[in-house]
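> Here is how the chains run, residue by residue.
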Amino acid sequence: DSGVTQTPKHLITATGQRVTLRCSPRSGDLSVYWYQQSLDQGLQFLIQYYNGEERAKGNILERFSAQQFPDLHSELNLSSLELGDSALYFCASSPRGGLDYGYTFGSGTRLTVV
Amino acid sequence: GENVEQHPSTLSVQEGDSAVIKCTYSDSASNYFPWYKQELGKGPQLIIDIRSNVGEKKDQRIAVTLNKTAKHFSLHITETQPEDSAVYFCAASHPGSARQLTFGSGTQLTVLP
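Top line first, the protein sequences correspond to chains A and Z.
Sequential numbering of the first sequence, starting at 164, is according to our numbering.
Sequential numbering of the second sequence, starting at 6, is according to our numbering.
By construction, these hints were calculated from the structure, which means they are not laboratory data.
Among these hints, one or two may not hold up.
[To be verified] Now the stretches of chain A that chain Z is said to cover, found in silico as 3 or more residues with beta-carbon under 8 Å:
hint: 1; segment: 181-194
hint: 2; segment: 266-276
[Stated by the list, open to error] Here are some chain A residues the structure puts well away from chain Z; computed CB gaps all over 12 Å:
hint: 3; residue: 169
hint: 4; residue: 207
hint: 5; residue: 225
hint: 6; residue: 234
hint: 7; residue: 238
hint: 8; residue: 246
hint: 9; residue: 247
hint: 10; residue: 249
hint: 11; residue: 255
Built from N, CA and C at the ideal position, the CB exists for glycine as well.
From just these sequences and the hints, can you work out the full model?
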């Protein structure tokens with residue numbers, strides 16, 4: 164157990180729907196990162212939050228949004244889902260947002276859009 | 006932005022042999038280079054990392070080397086074991102990027118018994 168908790172582990176939904184993925188960072192970690200992993204794109208950075216505030220944005224679609232709550236857990240919201248959104252979504256956390264620390268990844272949420 | 010290339014994409018070795026995975030990065034300002042191991046059904050796990058002020062780092066059977074001039078770094082696994090079979094990712098981090106990591110495309114390592 165890495166200490167980063169992601170729920171749900173699996174999610175199957177239809178095109179056009181909206182889903183929410185949840186992440187609880189490792190105890191004491193202030194920074195949360197979301198990554199998308201698909202077969203042809205590898206690990207793609209989506210967005211980072213640090214202590215409740217958005218810190219950096221990567222290749223995140225406008226249909227996707229995220230937030231980090233006061234208790235530091237984070238949610239990734241995916242709307243108007245398309246078949247191409249099927250992927251593994253990983254959350255990672257680190258102690259701080261601006262230092263040279265490696266991430267600790269959760270076990271991911273596998274999203275299947277049908 | 007940063008671009009990280011990784012090769013080979015697949016690598017098969019006999020148990021006990023060594024495995025080497027290589028990565029190149031594009032941004033000379035990148036200064037932190039971790040390696041992750043991802044087993045089937047799990048998230049990537051940090052196995053070793055190196056910072057730009059160090060040329061080599063070793064942890065038991067795993068070592069990483071960094072050549073800043075050539076902008077490439079490599080993972081070396083010696084005395085490979087079947088449990089080393091996994092996908093390995095290299096990554097690079099730029100000081101101005103809020104510590105987001107740019108990942109290579111991954112190497113599927115298979116250790117044959």
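> Going through the earlier hints one by one, which of them does the structure break, listed in rising order?
1, 3, 4, 11
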